[in-house]
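K.L.:
Based on these hints, arrange chain B on the given structure of chain A.
Residue numbers (my numbering), protein chains in the order written: chain A, 6 to 117; chain B, 137 to 249.
In case anyone wonders, no lab produced these hints; they're calculated from the structure.
Computed from a predicted model, the values in this text were never measured in an experiment.
A couple of the hints might just be wrong.
Chain B side only, calculated, beta carbon under 8 Å to chain A, not exhaustive [to be verified]:
id, residue
1, Y175
2, H179
3, L180
4, L182
5, K185
6, Y186
7, F226
8, N235
9, Q236
10, F237
11, G240
12, T241
13, G242
Computed far set for chain B versus chain A, every beta-carbon distance over 10 Å [unchecked claim]:
id, residue
14, V140
15, Q142
16, H143
17, S162
18, Q178
19, G189
20, K197
21, F203
22, I204
23, K205
24, W219
25, A228
26, F239
Cβ atoms here follow ideal geometry from the backbone N, Cα and C, with glycine treated the same way.
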Amino acid sequence: DTGVSQDPRHKITKRGQNVTFRCDPISEHNRLYWYRQTLGQGPEFLTYFQNEAQLEKSRLLSDRFSAERPKGSFSTLEIQRTEQGDSAMYLCASSFRGGEAFFGQGTRLTVV
Amino acid sequence: AQSVSQHNHHVILSEAASLELGCNYSYGGTVNLFWYVQYPGQHLQLLLKYFSGDPLVKGIKGFEAEFIKSKFSFNLRKPSVQWSDTAEYFCAVNGYTGNQFYFGTGTSLTVIP
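Isolated chain A, as found in the complex (with noise of 0.2 Å):
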């Protein structure tokens, strides 16, 4: 399967703890976007990557969020002293140029 690949796919953490997740994107794509989901509700954007370049990031996403991509290929997006409001669906998605994003699976967090 050559799609975004996310891992891990589940990750359960104690409250304040951190957390790493990593996407691998579509190898040619140069966009990368990370989005969390909450049951019931639309992607939320949280942070977009041209090549290894961090260009947006979201006015919710907080001090505790950080996000990298190095060499413009993979990303990772970490999460330190999570919260239990942290607990959701983080999503991956990359795009070549503007065009449609190509979502991964998901890495779905609960913190308890």
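P.N.:
Only chain B this time, still in chain A's reference frame:
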């Protein structure tokens, strides 16, 4: 602020019924428009997209959507739904300032056999 509105939150139809799901966006500039579908347990998949040209676009599985610029709308239609169309449907827009995709809250469609 830019926003995408989907007015139908839950829709229940019998097989062979016609479907129309509403989508309105708030930005008056040039936009790209998308409909995504999420089947139970699966990831978001593109149904169709509009960038320019013919405002009536056709997508996969018999779906189509019409872009009406004057109404800021991009409604999704299907003449005859099937049980397998049961899913969550999301309208999305980009082309506002920046490059992010803005999503509506989604419409849950249940098709009864």
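K.L.:
Evaluate each hint against the coordinates.
P.N.:
Now the hints, each set against the structure:
1. About 12 Å separates the beta-carbon of Y175/B from the nearest beta-carbon of chain A, more than 8 Å, and the hint is not met.
2. Given hint, H179/B at the interface with chain A, holds; its Cβ is 5 Å from that chain's nearest Cβ, closer than 8 Å.
3. Satisfaction of the interface hint for L180/B is found here, the shortest Cβ-Cβ separation to chain A being roughly 4 Å, below the 8 Å cut-off.
4. Nearest Cβ of chain A to the Cβ of L182/B: about 5 Å, under the 8 Å cut. The hint holds.
5. Interface hint status for K185/B: upheld, as the beta-carbon distance to the closest one in chain A is roughly 5 Å, under 8 Å.
6. The beta carbon of Y186/B comes no nearer than 10 Å to any beta carbon in chain A, farther than 8 Å, and the hint placing it at the interface is violated.
7. With a least beta-carbon distance of about 5 Å to chain A, the hint placing F226/B at the interface is held under the 8 Å criterion.
8. The restraint placing N235/B at the interface with chain A holds, with a minimum CB-CB distance near 6 Å, inside the 8 Å limit.
9. Because the closest C-beta pair between Q236/B and chain A is about 5 Å apart, less than 8 Å, the hint holds.
10. Hint on F237/B holds. Least Cβ distance to chain A is approximately 6 Å, under the 8 Å limit.
11. For G240/B, the interface hint holds, since its Cβ comes within 8 Å of a Cβ in chain A; the closest pair sits about 5 Å apart.
12. Evaluation of the T241/B hint against chain A yields a held restraint, the C-beta minimum of about 5 Å falling below 8 Å.
13. The restraint placing G242/B at the interface with chain A holds, with a minimum CB-CB distance near 5 Å, inside the 8 Å limit.
14. Taking the minimum C-beta to C-beta distance to chain A, about 8 Å, the non-interface status of V140/B is violated against the 10 Å cut.
15. With a least CB separation of 8 Å from chain A, Q142/B falls inside the 10 Å interface cut-off, contrary to its annotation.
16. With a closest Cβ-Cβ approach of about 13 Å to chain A, H143/B is found to remain outside the 10 Å limit, as its non-interface label requires.
17. Every Cβ of chain A is farther than 10 Å from the Cβ of S162/B; the closest lies at roughly 15 Å, confirming the non-interface assignment.
18. The claim that Q178/B is not at the interface with chain A is violated, since a C-beta of that chain comes within 10 Å of its own (minimum 8 Å).
19. Non-interface status of G189/B relative to chain A is upheld: no Cβ of that chain comes within 10 Å, the nearest being about 15 Å off.
20. With a least CB separation of 16 Å from chain A, K197/B remains clear of the 10 Å interface cut-off, as annotated.
21. The Cβ of F203/B lies farther than 10 Å from every Cβ of chain A, with a closest approach of about 15 Å, so its non-interface assignment holds.
22. For I204/B, the non-interface assignment is confirmed: its Cβ lies about 21 Å from the closest Cβ of chain A, beyond the 10 Å cut-off.
23. No beta-carbon of chain A comes within 10 Å of the beta-carbon of K205/B; the shortest separation is about 19 Å.
24. For W219/B, the shortest C-beta to C-beta distance to chain A comes to about 23 Å, beyond the 10 Å cut-off, and the non-interface label holds.
25. For A228/B, the shortest C-beta to C-beta distance to chain A comes to about 8 Å, within the 10 Å cut-off, and the non-interface label is violated.
26. For F239/B, the condition that its CB be more than 10 Å from all CB atoms of chain A is violated, with the nearest at approximately 4 Å.
The structure fails hints 1, 6, 14, 15, 18, 25 and 26 (numbered hints given earlier, in ascending order).
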